[in-house]
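Produce the complete structure using the sequences and hints provided.
Sequential numbering from 1 applies to the sequence shown in the working numbering.
Hint data in this document are derived by calculation from the structure and do not stem from the laboratory.
Nothing false has been slipped in among the hints.
Just the calculated beta-carbon pair ranges, DEER-fashion:
#1 37 / 260: 21 to 27 Å
#2 303 / 111: 45 to 51 Å
#3 75 / 174: 34 to 40 Å
#4 155 / 321: 32 to 38 Å
#5 324 / 142: 35 to 41 Å
#6 111 / 160: 41 to 47 Å
#7 335 / 156: 48 to 54 Å
#8 69 / 164: 34 to 40 Å
#9 260 / 299: 17 to 23 Å
#10 256 / 233: 28 to 34 Å
#11 338 / 222: 42 to 48 Å
Cross-link-like lysine to aspartate or glutamate pairs, in silico, EDC-like; alpha carbons within 20 Å at most:
#12 107 / 69
#13 143 / 257
#14 111 / 69
#15 143 / 262
#16 155 / 145
#17 337 / 109
#18 226 / 66
#19 155 / 287
#20 111 / 329
#21 111 / 66
#22 79 / 329
#23 107 / 329
#24 107 / 66
#25 79 / 109
#26 333 / 109
#27 79 / 66
#28 155 / 262
#29 338 / 109
#30 226 / 69
Every residue gets a Cβ at the ideal spot worked out from N, C-alpha and C, and that includes glycine.
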Amino acid sequence: MKKIFVNYFFTALVIAVTVWILISSSKFSIIPHLIAITDGGLLFLAFVCMVLFWFFDALIIKVIVEISDQGIRFWQYMKIALIGQYYSSITPFSGGGQPVAQVYTMKNDYKIPLGLATSVTINKFTIYHIIVTAFALVMAIFKYDFIFEQGAVSKTFIAIGFMINIISTLALLLLCYNSLIVKKVCLLILRLLHKIKLAKNMNDQIFSSHIEEYRSSLRLFLRDRKALLLTCLYTLIQVIVYFCVTYFVYLSFGLRDASLFDILAVQSLHYMAINYIPTPGNAGASEGGFYLIFGLVFPSGVMIYAIMLWRFIVYYLNLFVGGIVVLIDYLYKQSLKKS
Numbered sequence: 001m002k003k004i005f006v007n008y009f010f011t012a013l014v015i016a017v018t019v020w021i022l023i024s025s026s027k028f029s030i031i032p033h034l035i036a037i038t039d040g041g042l043l044f045l046a047f048v049c050m051v052l053f054w055f056f057d058a059l060i061i062k063v064i065v066e067i068s069d070q071g072i073r074f075w076q077y078m079k080i081a082l083i084g085q086y087y088s089s090i091t092p093f094s095g096g097g098q099p100v101a102q103v104y105t106m107k108n109d110y111k112i113p114l115g116l117a118t119s120v121t122i123n124k125f126t127i128y129h130i131i132v133t134a135f136a137l138v139m140a141i142f143k144y145d146f147i148f149e150q151g152a153v154s155k156t157f158i159a160i161g162f163m164i165n166i167i168s169t170l171a172l173l174l175l176c177y178n179s180l181i182v183k184k185v186c187l188l189i190l191r192l193l194h195k196i197k198l199a200k201n202m203n204d205q206i207f208s209s210h211i212e213e214y215r216s217s218l219r220l221f222l223r224d225r226k227a228l229l230l231t232c233l234y235t236l237i238q239v240i241v242y243f244c245v246t247y248f249v250y251l252s253f254g255l256r257d258a259s260l261f262d263i264l265a266v267q268s269l270h271y272m273a274i275n276y277i278p279t280p281g282n283a284g285a286s287e288g289g290f291y292l293i294f295g296l297v298f299p300s301g302v303m304i305y306a307i308m309l310w311r312f313i314v315y316y317l318n319l320f321v322g323g324i325v326v327l328i329d330y331l332y333k334q335s336l337k338k339s
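Put into structure tokens, the structure is as follows:
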């Protein structure tokens, strides 16, 4: 009875948070006006970029899972990806709830071993941060002149963002590939899952078994050069298509002064500057950072519109689609229990 109450309470809370975020936003009333003053075809390409972002997210999960001779259907990988994106949108640092939600879905819905599921999410998370940080560093080198044109506030945020992301990336590498640290962290994660009832019947022997599963899948991943290269390639494409949303929003206003390379460079700097801000989906920080950093790219007359349109595609669309997947998944599971 207690477990049923907790499940219903958690689901109601998730739905309430989603509805509150959507209703409390003042951005939606202006969306029809934005669509009217922009190029619909180019705006559609921005939406396509977001769909491709989800597609490559699922593809990355598929590559890492199938190294261990486990496999499910592609739409199920898409479900795992979108559930992860949803919880990423409602938790601090844009990723706090993503790994746990994906581990839970892989283990409980598709019977993927807990150690493997943990390895998949940690490997994916680590490679994403390595790729996006390296991409931003390369862009900063090629567009260093743009950084010097920024104001003092923008420069400060960019510098702090780079330092935090580089340090956190190095920490992730140490965490993932040092066996002693891995063991301690895995024990912590697995015991946390057990404590909040996401993993059952745990004891030290089972803990050790899951840790060995994790280490085994990690070794397989590092030895499989094809899978490692594919994961890096797909992650790079995922990062680029995500940043391209801004480019097509820019073009949709009839602006042509900045090139694709310019927008990718600026967007990567923006990502570095706001990624460490601990608000759900980087709310507030994303908009403020966009206004500061893209001030040299978007004319002041369309800046507010550009922020609203960009944020709608990369955040609210993510939240809405992911929320629908979470809700449908919950209702489906409830119908199975009743039958």
